[in-house]
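Student: Now for the letters of each chain:
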Amino acid sequence: MTAVAENPLVEGLERLPVHPTVLVIFGATGDLAHRKLLPALYNLAHQGALPERFELIGVSRSTYEHEEFQAIARESIERFSRTKPDPAVLDGLLAEMRYIPGVFDDDNVYAELGRTLDELDQSAGYPLSRVFYLSTAPQFFPVIVGELGKAGLNRAEARETRVVIEKPFGYDLASARKLNADVLEVFDESEVFRIDHYLGKETVQNMMAFRFANALFEPVWNRNFVDYVQISAAEDIGIEGRAGYYEGAGALRDLVQNHMLQLVALLTMEPPTAFDANRLRDEKLKVLEAIVPPEPEQVPTMAVRAQYGSGVQGGVTVRGYRAEDGVAPDSRTASYAALRLQISNWRWAGVPFYLRTGKHLARKVTEIAVQLKPVPHLAFQSQGSIGVQPNLVVLTVQPDEGVSISLGAKIPGPRMRIRPVNMEFHYGTSFLSQSPEAYERLILDAMRGDATLFTRNDEIEALWGIVDPILTAWKQDTDSEIAQYPAGSQGPLEANTLLHPGHSWRRL
Amino acid sequence: MEAALSEDVWSARDTTPDEIDDALRELLHERHAANNALVPARVLNLVVVVDRSWKGEIANRLERVGRYHASRTVLCAVEPGRTTMDARVVMRYDEPTGDALGVILEQVEIDLGEGHLQNLHSVVDPIRAAEIPTMIWCPHGHAEAVESLLPLTDVILLDSDEEPEPAAALARANELLTSAYVVDLAWLRTTPWRERLAATFDPPGRRELLWQIGRLDARHQASSTASAVLLAGWLASRLHWRATPLSARDVGELRAVAHAGDRDVEVCLDSSDQLVPGLTGVTVAVPEGWSLSLDRAPGGLCARRVSAGGTESVWKVLGASRGEGGILGEGVRQALLRDPTYGPALAHARAFYPALA
Chain A
1 MTAVAENPLV
11 EGLERLPVHP
21 TVLVIFGATG
31 DLAHRKLLPA
41 LYNLAHQGAL
51 PERFELIGVS
61 RSTYEHEEFQ
71 AIARESIERF
81 SRTKPDPAVL
91 DGLLAEMRYI
101 PGVFDDDNVY
111 AELGRTLDEL
121 DQSAGYPLSR
131 VFYLSTAPQF
141 FPVIVGELGK
151 AGLNRAEARE
161 TRVVIEKPFG
171 YDLASARKLN
181 ADVLEVFDES
191 EVFRIDHYLG
201 KETVQNMMAF
211 RFANALFEPV
221 WNRNFVDYVQ
231 ISAAEDIGIE
241 GRAGYYEGAG
251 ALRDLVQNHM
261 LQLVALLTME
271 PPTAFDANRL
281 RDEKLKVLEA
291 IVPPEPEQVP
301 TMAVRAQYGS
311 GVQGGVTVRG
321 YRAEDGVAPD
331 SRTASYAALR
341 LQISNWRWAG
351 VPFYLRTGKH
361 LARKVTEIAV
371 QLKPVPHLAF
381 QSQGSIGVQP
391 NLVVLTVQPD
401 EGVSISLGAK
411 IPGPRMRIRP
421 VNMEFHYGTS
431 FLSQSPEAYE
441 RLILDAMRGD
451 ATLFTRNDEI
461 EALWGIVDPI
471 LTAWKQDTDS
481 EIAQYPAGSQ
491 GPLEANTLLH
501 PGHSWRRL
Chain B
1 MEAALSEDVW
11 SARDTTPDEI
21 DDALRELLHE
31 RHAANNALVP
41 ARVLNLVVVV
51 DRSWKGEIAN
61 RLERVGRYHA
71 SRTVLCAVEP
81 GRTTMDARVV
91 MRYDEPTGDA
101 LGVILEQVEI
111 DLGEGHLQNL
121 HSVVDPIRAA
131 EIPTMIWCPH
141 GHAEAVESLL
151 PLTDVILLDS
161 DEEPEPAAAL
171 ARANELLTSA
181 YVVDLAWLRT
191 TPWRERLAAT
201 FDPPGRRELL
211 WQIGRLDARH
221 QASSTASAVL
231 LAGWLASRLH
241 WRATPLSARD
251 VGELRAVAHA
261 GDRDVEVCLD
271 SSDQLVPGLT
281 GVTVAVPEGW
291 SLSLDRAPGG
301 LCARRVSAGG
311 TESVWKVLGA
321 SRGEGGILGE
331 GVRQALLRDP
341 TYGPALAHAR
351 AFYPALA
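These protein sequences, in sequence, are chains A and B.
Each residue of the first sequence is one higher than the one before, counting from 1 in my numbering.
Each residue of the second sequence is one higher than the one before, counting from 1 in my numbering.
The hints are simulated quantities; they were obtained by calculation from the structure and are not laboratory data.
Certain hints may be false.
[Claimed, not checked] A few chain B residues that face chain A, going by a derived Cβ cut-off under 8 Å, partial list only: (1) Arg207; (2) Ala303; (3) Leu318; (4) Ala320; (5) Asp339; (6) Thr341.
All values reported here derive from a predicted model rather than from experimental measurement.
Backbone N, C-alpha and C fix where the C-beta goes; we use that ideal spot for every residue, glycine too.
With the rest of the complex left out, here is chain A:
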């Protein structure tokens, strides 16, 4: 293969080039496309970030003509775009949209898709890159990938071809392995982009900047100085009519297996030698593999599941999980999960990592709290230093993105009395730019072929490997009572049993 010289025009540009592309969205009339993908594409178009030639083909089961799909897309964009649509840009984008109706296991759909793709190549005068975005129910992922292979649409001769697969990637370790095998039979790993939209969030990416661009933190980022770490992903809403999905997923699959373990990996991995897809993912994989999955008998001592009962949220009485529409009255699905994990490597051995997530908790917040150990000797203890607390570093992912560091400071006055004060960095006050939607970044990265913010096959299996024994143990346990917590509360008291002496859950 002949090396192609670098493009000298790229240097200094904020927006890197994206090659002319056809994006094919399977599930184009679904909720994700409606709320996120189509508005994200509009925003990219508005900013002039789409490739010079961009075509979109929607594939879905509903029977629509092109124009009807365009009308649906217009409604999605007008309702959910973060930028007020410019009529000329919106019209231009919609004019490039086509629609192919059909079920995902019908060979005719792919024959029609192939014809349409060929037509677009003909019209452009050269082979356009192809990105197949699977935004369907997960049972269709292997079906669609298999059909794409059967129709020869995976072949990348003289073009770039990629497949983007939404979450959930698998239902457990075995199904993730099977899906990986199915996908990799058709596409090369370098062509597969498994989405975890958390990785597209600016604040999540900032964790790497925070750790590796500041000499201040790295020396204390280890077992010698860190007492424990707490990661919370709390929601103040319930399942919002998504019982069909949630009953099968539960809190562990919904947030822990993907988003929260990704946060653990980014927080604890070793510095990559370069910020490129494989070197970054190599480091994440190493640390994920250092999290030892529990034996079945260990699960009750390191994991707690619970469901919200009725309670008061924001002044309004809400019903309990088992009373939600579509939820079985005897459901054992967890709407709350808390774990205590250990990372068995030199840096982190002995440091407990507490994770908790749940629906209908007191407040919506996603944060990482790194609690440092107390100072070894307190010189002013005898002078009334009751307020001295170990330093705490809190990285807030949402809703108020930023970093807060608590420090001990002297209370003004004649005596040496100390109390914690906060040093805070907030995105909103420190940057002029508005963070783009995670999907805008991820769609562009997929079209550019940059997999840095996507999950690799071995990484996804390592993630499932951590939660799989817990899922299995919970599934096998059909007798014990599922802990309950009032909606709007801090969560179940049972979560306290995971904590080591002297540790406590942060108030939400």
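Please build the complex by placing chain B on the supplied structure of chain A, with the hints as guidance.
Tutor: Chain B in isolation, oriented as in the chain A frame:
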């Protein structure tokens, strides 16, 4: 800025920088005490020096920059004959709801005289927010003010398109570049064009064409010659063309031949009757017949490609116009970034359009 913003205001006649600084602190203290979820933005100081009679127009332009407001804006309005300073401090904020934080933006307006300009740093320095970069913008010249402020300046915002003489504008930008980072709005007007040209030649199959370009046509609004010359300078710097001085062929038509090794590149800059500043179109062509034209159109750019065999293809490249408010906002945002290609592009632009003897 959103219409629903609240304001706290302080004003004084015949005041001093120390009093203004005290007022800033006091207003911040009072506002934070009233609502501790309100915190001052700490990103950028923007110092603007304007003619008093144009203060309103500049203030309006600053209002229209979208979300890219400086944290603390110090607007110095120069009034001939004035010997004292009058000042007005405005804190703007949107009361936050729930757990959210609210951001306070601060604006200081100082009416002062020409006599203050020579030592303007002593007026501005006490009023700047500490530990954040300072950008200055003097759209009406005021070279004395620029000289005085340079020691405390990190970034200079200018607009080479607004100067009547492009050669002088480019020379001035080059001179300032030795003292601070320069953000040139004329350069920012070329950004979408540079991005599109970079993208056009990015697919590996097209990259070789870059080294065969034989002609560049840049079409521009009559007053935006500097933008067009900077675009030509950018291509010359990136593709190692040796620029030669442009000559006027007719009104609004400038021509030069750049040398790329043993190959010549025709550079043609033509003014058009477009109303908004900036470029109206760009064409690059290779001698074998391949060419690409990009021209402004509603909702983006109209692209027209002619293959070596003569086949024509026309399509729309999507993108909303940022407008002049957006360009200024982008200028403010660029204060926090560094573009390593502006300096070399400027040097080549000056070779295309050298300073007048």
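Student: Hint by hint, where does the structure go against what was stated? Just the numbers, ascending.
Tutor: Result: no hint breaks.
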